[in-house]
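Generate coordinates for the entire structure from the input sequences, incorporating the hints supplied.
In order, the protein sequence lines correspond to chains A and B. Number 205 in our numbering belongs to position 150 of the first sequence; there are no gaps in the numbering. Number 245 in our numbering belongs to position 190 of the second sequence; there are no gaps in the numbering.
For the record, the hints were derived by calculation from the structure and aren't laboratory data. Keep in mind that a hint or two might mislead.
No copy is singled out in the list; a pair is fine if it fits within one copy or between any two copies.
To be verified - Below, simulated DSS-like cross-link-like pairs (lysine-lysine); rule was C-alpha separation at most 25 Å, straight line:
#, residue 1, residue 2
1, LYS353, LYS285
2, LYS104, LYS137
3, LYS225, LYS104
4, LYS353, LYS137
5, LYS184, LYS137
6, LYS285, LYS59
7, LYS104, LYS184
8, LYS76, LYS104
9, LYS353, LYS184
10, LYS184, LYS59
11, LYS242, LYS137
12, LYS242, LYS76
13, LYS104, LYS242
14, LYS59, LYS242
There are 2 protein chains.
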Amino acid sequence: MTPKNIAVFGATGAVGVEMVKVLEERVDGGTLAVRSLRLLASRPGRTVKWRGDDIPVEEVTLESWRGIDVALFAVDSDVSRKWAPVAVEAGSVVIDNSSAFRMAQDVSLVVPEVNPEDIASHAGHGHGKIIANPNCSTIIAMVALAPLHRAAGLVRLCASTYQAVSGAGKAGQEELERQIRDYAATKWDNTNSDPDMFDLPSVPSVFQHQIAFNLIPHIDAFVPDDWYTKEELKMRDESRKILHAPSLRVSATCVRVPVMRSHSEALTIETERPLSPGEARAILERAPGVKVIDEPLKNRYPMPLFASDQDLVHVGRIRRDHSAPEGCHGLVLWVSGDQLRKGAATNAVQIAELL
Amino acid sequence: MTPKNIAVFGATGAVGVEMVKVLEERVDGGTLAVRSLRLLASRPGRTVKWRGDDIPVEEVTLESWRGIDVALFAVDSDVSRKWAPVAVEAGSVVIDNSSAFRMAQDVSLVVPEVNPEDIASHAGHGHGKIIANPNCSTIIAMVALAPLHRAAGLVRLCASTYQAVSGAGKAGQEELERQIRDYAATKWDNTNSDPDMFDLPSVPSVFQHQIAFNLIPHIDAFVPDDWYTKEELKMRDESRKILHAPSLRVSATCVRVPVMRSHSEALTIETERPLSPGEARAILERAPGVKVIDEPLKNRYPMPLFASDQDLVHVGRIRRDHSAPEGCHGLVLWVSGDQLRKGAATNAVQIAELL
Numbered sequence: 056m057t058p059k060n061i062a063v064f065g066a067t068g069a070v071g072v073e074m075v076k077v078l079e080e081r082v083d084g085g086t087l088a089v090r091s092l093r094l095l096a097s098r099p100g101r102t103v104k105w106r107g108d109d110i111p112v113e114e115v116t117l118e119s120w121r122g123i124d125v126a127l128f129a130v131d132s133d134v135s136r137k138w139a140p141v142a143v144e145a146g147s148v149v150i151d152n153s154s155a156f157r158m159a160q161d162v163s164l165v166v167p168e169v170n171p172e173d174i175a176s177h178a179g180h181g182h183g184k185i186i187a188n189p190n191c192s193t194i195i196a197m198v199a200l201a202p203l204h205r206a207a208g209l210v211r212l213c214a215s216t217y218q219a220v221s222g223a224g225k226a227g228q229e230e231l232e233r234q235i236r237d238y239a240a241t242k243w244d245n246t247n248s249d250p251d252m253f254d255l256p257s258v259p260s261v262f263q264h265q266i267a268f269n270l271i272p273h274i275d276a277f278v279p280d281d282w283y284t285k286e287e288l289k290m291r292d293e294s295r296k297i298l299h300a301p302s303l304r305v306s307a308t309c310v311r312v313p314v315m316r317s318h319s320e321a322l323t324i325e326t327e328r329p330l331s332p333g334e335a336r337a338i339l340e341r342a343p344g345v346k347v348i349d350e351p352l353k354n355r356y357p358m359p360l361f362a363s364d365q366d367l368v369h370v371g372r373i374r375r376d377h378s379a380p381e382g383c384h385g386l387v388l389w390v391s392g393d394q395l396r397k398g399a400a401t402n403a404v405q406i407a408e409l410l
Numbered sequence: 056m057t058p059k060n061i062a063v064f065g066a067t068g069a070v071g072v073e074m075v076k077v078l079e080e081r082v083d084g085g086t087l088a089v090r091s092l093r094l095l096a097s098r099p100g101r102t103v104k105w106r107g108d109d110i111p112v113e114e115v116t117l118e119s120w121r122g123i124d125v126a127l128f129a130v131d132s133d134v135s136r137k138w139a140p141v142a143v144e145a146g147s148v149v150i151d152n153s154s155a156f157r158m159a160q161d162v163s164l165v166v167p168e169v170n171p172e173d174i175a176s177h178a179g180h181g182h183g184k185i186i187a188n189p190n191c192s193t194i195i196a197m198v199a200l201a202p203l204h205r206a207a208g209l210v211r212l213c214a215s216t217y218q219a220v221s222g223a224g225k226a227g228q229e230e231l232e233r234q235i236r237d238y239a240a241t242k243w244d245n246t247n248s249d250p251d252m253f254d255l256p257s258v259p260s261v262f263q264h265q266i267a268f269n270l271i272p273h274i275d276a277f278v279p280d281d282w283y284t285k286e287e288l289k290m291r292d293e294s295r296k297i298l299h300a301p302s303l304r305v306s307a308t309c310v311r312v313p314v315m316r317s318h319s320e321a322l323t324i325e326t327e328r329p330l331s332p333g334e335a336r337a338i339l340e341r342a343p344g345v346k347v348i349d350e351p352l353k354n355r356y357p358m359p360l361f362a363s364d365q366d367l368v369h370v371g372r373i374r375r376d377h378s379a380p381e382g383c384h385g386l387v388l389w390v391s392g393d394q395l396r397k398g399a400a401t402n403a404v405q406i407a408e409l410l
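Have a look at this one:
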């Protein structure tokens with residue numbers, strides 16, 4: 056294992072912070088060797104702890120990429136679009152968490168448990184190249200569904216998501232916390248015993264509407280004509296690319312829920328060949344990155360609170376799809392996975408390990 | 056309109072309180088005439104406001120039903136099973152909100168916007184009879200889907216629900232409030248800046264797990280063998296009965312979410328005949344009990360916070376189902392409706408108006 060010079064760009068954001076944490080765990084675990092770590096952001100910032108040292112977060116410049124083997128990007132798409140080519144030109148492999156390059160023909164889109172071979176499939180430009188990290192909801196679904204696809208051929212996916220506020224970064228988590236604090240203050244700290252939840256003092260800025268005690272069926276922008284959101288279309292387009300299944304039929308409804316961290320999804324699938332719930336369970340119990348939690352009579356099933364701060368995708372509620380027509384093979388599953396870790400940081404670091 | 060003698064049984068519960076409120080609104084609105092109102096509960100309790108007066112809540116006895124024309128039941132199934140036959144024997148029509156009688160062959164299961172004619176379809180026992188109020192999630196789905204069923208023939212429904220804590224009554228709402236209060240107290244009122252959400256001081260008693268910042272894919276009991284919950288099977292069995300569509304194929308995933316009130320549902324449907332999103336929207340805009348909110352570019356779509364405390368089922372995000380196979384006609388919708396009102400109290404009072 057050759058030690059690598061690694062950079063994390065966007066090191067102070069929710070995903071960036073998690074990337075540094077996962078890198079440290081992986082070095083401690085012996086699966087990754089790091090010669091040097093450079094932390095970058097659009098503006099210089101506070102220091103971040105790395106193996107006992109305080110590492111300053113430097114402002115990104117044209118010089119930042121010199122000598123960097125692997126650059127983990129946890130920044131917005133427009134920032135990625137500006138800086139990824141610069142880093143590649145300097146010889147780095149960029150693992151980009153944004154949606155900027157995911158669907159580009161010469162960029163691999165990788166979930167290490169699913170399609171690690173795709174990392175090698177694009178030669179890259181000069182020394183470096185860009186590898187894209189899929190959308191968080193897509194990663195979580197793919198870890199659970201790819202083993203079933205291999206066994207029985209996935210032909211249809213109908214997904215309803217329950218996405219945590221962490222999907223909108225630290226600002227999203229802070230917005231939910233602020234609303235909860237305002238609610239508590241209005242409700243219990245003064246004489247108003249029944250506050251109007253419509254009139255919380257803080258105005259939403261990250262989300263389109265109040266998220267505390269609410270649900271918002273709107274993540275990323277709407278695409279006119281067919282009125283899906285980009286988030287919903289990502290689940291279709293990225294799933295097809297990751298599974299090499301261009302004719303897979305996917306529809307999704309993506310919904311923001313007042314959960315701090317970890318996305319959950321109700322997945323109804325149809326397979327080409329028969330697959331019983333028992334067979335699916337047995338396959339998933341052997342699958343990498345999956346933890347089957349499916350003991351309903353003991354009240355054990357995936358839940359976001361218990362899927363957080365770890366790397367496995369929790370899969371349960373595995374059962375026959377009662378709505379599948381005669382002769383069609385359908386299953387329903389319920390999954391939860393940590394959006395900041397496996398849905399973003401861990402997936403990127405796993406790709407770095409495979410380089 | 057002959058004035059009726061009405062009783063509300065379970066008058067201090069979340070649904071019972073709402074029934075009294077809706078009765079008062081309907082009397083004020085001139086659609087219902089009430090000669091007398093009797094409030095009943097398993098134990099005598101506090102008084103409840105009714106048109107300016109304080110009405111005592113009386114303990115239910117064998118004598119409670121004398122002279123009662125319509126008895127609205129908002130109690131648990133076992134209490135309904137015990138008292139509904141007594142009320143019927145005394146000559147009352149019982150409108151029962153529990154699941155005790157819904158699937159009985161000689162009991163009508165009614166959503167007034169959908170199958171009002173079913174009220175008359177069973178002669179009843181003696182003077183009285185039982186009419187069942189459907190499950191809250193089913194009512195909300197049916198108000199939105201029945202008009203589409205009439206237009207194009209519903210053959211398949213795949214539902215993921217996002218159900219508020221009000222579905223577990225006042226105790227459910229209090230449990231979420233208590234957890235939010237504990238969280239706020241731990242988080243902001245002392246020196247602990249990062250409380251462990253797994254270690255809230257109050258132990259869950261209404262729900263199986265902490266519901267604040269969490270999702271629980273478990274409502275009502277699991278049915279071994281096929282591992283759906285009773286709540287999920289109710290959506291199938293009750294939908295078939297209400298729509299008179301015994302071969303309708305339904306699968307549901309029912310999930311409790313940390314929302315105070317109003318259930319939401321992602322509904323993927325398949326129809327026998329073609330139905331475009333535009334046609335569906337036009338049909339729903341004319342449909343009774345429905346409010347179409349579907350202007351995504353203005354951030355307008357159904358949300359539970361804004362569906363609460365009113366009677367219409369909000370329907371939006373109407374779009375083609377990308378996962379439907381060639382030659383199949385599929386749509387996806389997103390609905391929110393007040394679980395305590397249209398999902399329970401209002402539906403029961405509407406039935407009373409039709410008697």
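Starting from the hint list further up, note which numbers the structure goes against and sort them upward. 2, 4, 6, 7, 9, 11 and 14
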